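Trainee: When you line the first sequence up against the UniProt record's numbering, it's residues 1 to 171, in that order.
Quick caveat, the hints were computed from the structure, so don't treat them as lab data. Please read all numbers here as calculations on a predicted model, not as lab measurements. Hints are supplied without guarantee of correctness; some may be wrong.
Stated by the list, open to error - Result set (DSS-like, lysine-lysine): computed pairs, CA atoms no more than 27 Å apart in a straight line:
#	residue 1	residue 2
1	Lys103	Lys75
2	Lys57	Lys103
3	Lys57	Lys113
4	Lys82	Lys55
5	Lys119	Lys96
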Amino acid sequence: MKIAKGKGAARTEKKEVSLPVEDRKIGKRKAALKATESSKKRAAKEKITKKDPDKPKRPPSSFFVFLEEFRKIYKQEHPNMKAVSAVGKAGGEKWKSMSAAEKAPYEAKAAIKKSDYGKLMTAYSKKQETDDGGADEEDDYKHSHRSKSEVDGQDDSDESVGEDEDDEDDD
DNA sequence: CATATGATTGTTAAA
DNA sequence: TTTAACAATCATATG
Numbered sequence: 001m002k003i004a005k006g007k008g009a010a011r012t013e014k015k016e017v018s019l020p021v022e023d024r025k026i027g028k029r030k031a032a033l034k035a036t037e038s039s040k041k042r043a044a045k046e047k048i049t050k051k052d053p054d055k056p057k058r059p060p061s062s063f064f065v066f067l068e069e070f071r072k073i074y075k076q077e078h079p080n081m082k083a084v085s086a087v088g089k090a091g092g093e094k095w096k097s098m099s100a101a102e103k104a105p106y107e108a109k110a111a112i113k114k115s116d117y118g119k120l121m122t123a124y125s126k127k128q129e130t131d132d133g134g135a136d137e138e139d140d141y142k143h144s145h146r147s148k149s150e151v152d153g154q155d156d157s158d159e160s161v162g163e164d165e166d167d168e169d170d171d
């Protein structure tokens with residue numbers, strides 16, 4: 001019986017007066033974003049880490065999870081497609097075309113990711129709490145971009161000692 | 001050479 | 001409650 005919810009709802013229940021989000025094209029999806037902010041963030045973060053060494057990134061939403069797979073498929077059908085926006089658009093369209101049941105598996109995965117995120121967040125928070133002084137590393141590789149193959153020669157100097165594979169299974 | 005951009009939707013944190 | 005911004009991708013484009 002929840003009849004009188006009373007004050008709880010009753011605000012947006014009738015008119016969707018406020019619905020400024022995604023006006024129509026969302027322009028850029030944000031009102032006025034500095035543009036570079038988003039991309040820069042990621043790249044900058046890599047080095048800005050100073051403050052947040054292991055800041056857990058937001059877990060991919062069901063849509064992204066689906067997109068990950070979609071992208072792979074899309075590329076197979078469109079190996080020549082080079083625009084990322086193309087996949088995004090196609091994926092978005094398809095995503096909306098999918099039924100909740102199909103999104104279920106993706107949502108499930110997203111749920112797990114979120115779970116992990118919560119965990120990471122806790123750990124991350126803890127780190128912040130324990131203010132470990134002195135952790136100032138000077139990595140001034142501002143322009144020293146480590147491309148994928150930064151490992152040049154590394155002939156065989158037996159340095160690899162051993163890898164321990166810890167299989168942790170925690171339910 | 002390094003960084004920005006584009007396009008999608010969902011989720012999350014803050015006001 | 002509602003707003004605002006970010007999450008991945010990757011070839012292209014610009015400084």
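Trainee: Which hints, by number, does the structure contradict?
Mentor: Hints 4 and 5 contradicted; others consistent.
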